[in-house]
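Q: I would like the entire structure built from these sequences, with the hints used as guidance.
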Amino acid sequence: MTMPADEHRDQSQPQDMTTDRAIDLRIVDSNELLRGDREVLIRHSDQIYRLRLTKSGKLILQK
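Residues in the sequence shown are numbered consecutively from 1, following the UniProt record's numbering.
By construction, these hints were calculated from the structure, which means they are not laboratory data.
Any given hint could turn out to be false.
[As the list claims (entries may be wrong)] Derived DEER-like restraints, expressed as beta-carbon distance ranges:
hint, residue 1, residue 2, range
1, I48, V28, 15 to 23 Å
2, D24, K55, 30 to 38 Å
3, L34, K63, 17 to 25 Å
4, K55, I23, 32 to 40 Å
5, V28, T54, 16 to 24 Å
6, I60, R26, 20 to 28 Å
7, I27, Y49, 13 to 21 Å
8, D46, I23, 30 to 38 Å
9, I23, I48, 30 to 38 Å
10, T54, I23, 24 to 32 Å
Built from N, CA and C at the ideal position, the CB exists for glycine as well.
A: So, in structure tokens, the structure goes:
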């Protein structure tokens with residue numbers, strides 16, 4: 001008899017909350033941030049970060 005996938009998990013370990021928390025998180029489309037540009041500056045507190053779209057379509061966040 002095979003066990004359901006959940007029963008294979010180590011029951012002593014706490015369940016990963018990432019998937020549960022992701023349901024409550026707001027999703028922002030990268031197009032909304034970039035608005036057609038390839039780079040945008042983001043201010044967080046007193047720091048400026050650069051969000052860049054690469055030629056291969058990946059996002060890079062730099063301080």
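Q: Now look at each hint and say whether the structure bears it out.
A: Going down the list of hints, with the structure as the test:
no. : hint                   : in the structure
1   : I48 to V28: 15 to 23 Å : holds, 19 Å
2   : D24 to K55: 30 to 38 Å : holds, 34 Å
3   : L34 to K63: 17 to 25 Å : holds, 18 Å
4   : K55 to I23: 32 to 40 Å : holds, 33 Å
5   : V28 to T54: 16 to 24 Å : holds, 19 Å
6   : I60 to R26: 20 to 28 Å : holds, 22 Å
7   : I27 to Y49: 13 to 21 Å : holds, 19 Å
8   : D46 to I23: 30 to 38 Å : holds, 32 Å
9   : I23 to I48: 30 to 38 Å : holds, 31 Å
10  : T54 to I23: 24 to 32 Å : holds, 29 Å
Checked against the numbered hints above, the structure violates none of them.
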